[in-house]
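One line per chain: the protein sequences are A and B, in this order. Okay, so the first sequence: first residue is 7 according to the numbering used here, each after it adds one. Okay, so the second sequence: first residue is 7 according to the numbering used here, each after it adds one.
These are computed hints drawn from the structure, not numbers from a lab. Do not take every clue at face value.
Among the chain B residues that face chain A by a calculated CB cut under 8 Å, a handful are [claimed, not checked]: (1) A139; (2) N143; (3) L149; (4) L163; (5) G205; (6) T215; (7) D265.
Each residue gets a CB set at the ideal place from its N, CA and C atoms; glycine is no exception.
Number of protein chains: 2
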Amino acid sequence: MKIHTLTIVGVGLIGGSIGLAARRRGLAEQVLGVGRQWDSLETARQLGLVDDHSLDLTSAVCGADLVIFCTPVNRIVQQVLDAAPHCRPGTLITDAGSTKALIVRELEGCLPADVHFVGSHPLAGSEKRGHEAAEANLFQDRLTVVTPTVHTDPTALGQTCDFWQALGCRVRTLSPEEHDRALALTSHLPHLVAAAMAGILPAELYELTATGFRDTTRIAAGDPALWTAIFQQNREAVLQALQLLDSRLEEFQRALAADDTMALDSLLTQAKQVRDDLGN
Amino acid sequence: MKIHTLTIVGVGLIGGSIGLAARRRGLAEQVLGVGRQWDSLETARQLGLVDDHSLDLTSAVCGADLVIFCTPVNRIVQQVLDAAPHCRPGTLITDAGSTKALIVRELEGCLPADVHFVGSHPLAGSEKRGHEAAEANLFQDRLTVVTPTVHTDPTALGQTCDFWQALGCRVRTLSPEEHDRALALTSHLPHLVAAAMAGILPAELYELTATGFRDTTRIAAGDPALWTAIFQQNREAVLQALQLLDSRLEEFQRALAADDTMALDSLLTQAKQVRDDLGN
């Protein structure tokens, strides 16, 4: 895969890491960063994350072969709609958003006929944010979910998969809805629960936390605005995941209230089995 | 602080790390390990965790200045009651159990007049177990909670605090009940929630987990029998902590169901503040 110009919209942790990885791997002749703050883009350039940058989305996409949106999930649709009419025929547009169904649904059928959007979500992230946290190896051996629909252009789909593989990812395709239901359980629910657990800790107990509390709540340090948007875009699946967790917590509650050793041990043993199977 | 013979009952992760730290720091002339399996004790000796070992609790405590019980919380009381009559006058007995109220209550007034028990809990651990995981620095800069009551001998209390400080810990005293209420929230609840979240993950979604899920559920790999005993010994406080979490999860549920951006953002912002304040 050889790209002449790769345009990255949103040069934060994800966008910056894509730029760095693409440049290190010689994946594109030019990597162009688009953002809202000149200073921040200039720092990204100095850090080697992009070759050049622009504050103007429409002019920055007009020479691109591939445009990737690494902006908050609630901004992607409008930005793609703004950018697409300025893209050359054959331009591939993808994204790195943590939710997919709403984004894919709202873009389908709304782009120029020869500009293709394919949804993506690299399962790589951190509670850190900003291009200062960018890493060239952020995607190495991580999974990227690519979310085609029946209307997705097969060539564009293939190019999207090639792009992520060229960055070091494994790729798996799921429908946007399958993606969102899965991620509700594997990512959005853990974030919600970490936030709930951190949120109820009174200050006088901070000193009495150890590795367990710190590990379980680490992601609660994530950006509230980004996560509010993720939860809102995946409301129904997150509510279902929360219900599933509630039922399991109720089983624990009943076992505890009844001082039922067998039930507690069986719940903990099954959980350990899953966690051991998951690996590190 | 200088100990002639330190007897460690239960040479696993905690007991083994205490032995290693005590030997490295020259804290005791002899470190004696007590366990149930000769092979395992012999390996611990070869790893340098203890100087010598014994399968017989009563003979192993009769020459000790300090005996520390690093066994599962549901075995500590009976073992202390078995050992104490064989201790010399002036022997200090402590433990490293994750729960304190039941243990301290059941031992108070039941030991020979000149043998003193003081409850301890070093907030250092891991989802790993066994002496293979022992580390000399496990306690370095960690907090140990020491749990005196009004009946605790002041000299024994001072020696217990000295002992943990000599291993590298900071020490804080709390009543056994304060300890258990605090740890229900900072340790037992996170374990329960991690187990619930791991437990509801279907095998087909393993591949779709990333750092967030893995961090939040890591402790669910802990030993089910150890944790069943911890939950049972601290049932009421854990049930209260679970109720507190339930209320917070309900707030998230309501905010999601109502698509209330402000409420979601405010819950996540408050949680981030706590997590940022906690540090790494």
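Of all the hints numbered above, which does this structure not satisfy? Sort the numbers upward.
Hint check: 1, 2 and 4 fail, others pass.
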